[in-house]
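Asker: Sequence:
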Amino acid sequence: ERLKHVWERVKNQIAKQDTRIREELHEIDGKKSDVWRWIKSTVSSPIKSKSPSKDAIEENDNHPASDVGLTECLKLRNCFRSDNYADDNEIDDVIDGIQNRCANIKRIEHIGIHS
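Numbering (the UniProt record's numbering) for the sequence shown: 1 to 115.
Honestly, the hints are just simulated from the structure, not real lab data. Keep in mind that this is a model prediction, so the values were computed, not measured. We put the CB at the ideal spot given by N, CA and C, even for glycine. Accuracy of the hints is not assured; some may be wrong.
No farther apart than 27 Å at their CA atoms in a straight line, the calculated lysine-lysine pairs in the DSS-like style are these [stated by the list, open to error]: (1) 31 - 4; (2) 75 - 32; (3) 4 - 75; (4) 16 - 4; (5) 31 - 75; (6) 32 - 4; (7) 16 - 75; (8) 31 - 16; (9) 32 - 11; (10) 11 - 31; (11) 16 - 32; (12) 11 - 75.
Computed spacing ranges between beta-carbons, pair by pair [what the hints assert, rightly or not]: (13) 31 - 10: 18 to 28 Å; (14) 38 - 89: 26 to 36 Å; (15) 85 - 8: 19 to 29 Å.
All chains, please: the whole structure from these sequences, using the hints.
Answerer: Structural data, given as structure tokens:
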């Protein structure tokens, strides 16, 4: 409960800043949990034609968007107010909270918090 205000700020920041993900409510092990899902891109990327007689750029609709995240790295920024440095206890609480929420993940390589 100590980190609830920090978690709410993180969720609000993600909702405002990143249009590639959406928040969903899922039931996991009988408990309702917030889950973020990558939104498939509907924009197709232009590619140049391989034909020497065609120099025009063609739309490429042959590559569907992946269901997997775009990265193996999750960066949470602006979790702390810029006018107030977080103390070591608050940083430790955030790290513990992340580790608890990500307990089912095979391996967390690094958690670094810069305040």
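Asker: Hint by hint, say whether it matches the structure.
Answerer: To see whether the hints hold, each was checked on the structure:
Taking the CA atoms of residue 31 and residue 4, the gap is near 17 Å; set against the 27 Å cutoff, the hint holds. Only pairs whose Cα atoms come within 27 Å are accepted, and residue 75 paired with residue 32 is accepted, the gap being roughly 24 Å. Proximity of residue 4 to residue 75 is assessed by CA-CA distance (about 19 Å); at most 27 Å being required, the pair is judged to hold. Our distance criterion of 27 Å between C-alpha atoms is met by residue 16 and residue 4, whose separation comes to about 18 Å.
Only pairs whose Cα atoms come within 27 Å are accepted, and residue 31 paired with residue 75 is accepted, the gap being roughly 25 Å. Taking the CA atoms of residue 32 and residue 4, the gap is near 16 Å; set against the 27 Å cutoff, the hint holds. With a C-alpha separation of about 15 Å, the suggested pair residue 16 and residue 75 falls inside the 27 Å cut-off, and the hint holds. Distance restraint check for residue 31 and residue 16: the Cα-Cα separation of roughly 26 Å lies within the 27 Å cut-off, and the hinted pair is therefore satisfied.
For the hint pairing residue 32 with residue 11, the CA-to-CA distance comes to about 16 Å; that is within 27 Å, so the pair holds. For the given pair, residue 11 sits about 19 Å from residue 31 by alpha-carbon distance, which is consistent with the 27 Å threshold. A hinted pair counts as satisfied when its Cα atoms are at most 27 Å apart, and residue 16 with residue 32 qualifies at roughly 23 Å. Only pairs whose Cα atoms come within 27 Å are accepted, and residue 11 paired with residue 75 is accepted, the gap being roughly 13 Å.
Between residue 31 and residue 10 the CB atoms are about 19 Å apart, so this pair conforms to the stated range of 18 to 28 Å. For the pair residue 38 and residue 89, the beta carbons lie near 33 Å from each other, so the given range of 26 to 36 Å is met. Remark: the range hint 19 to 29 Å for residue 85 to residue 8 is upheld by a beta-carbon distance near 20 Å.
In this structure, none of the earlier numbered hints is contradicted; all agree with it.
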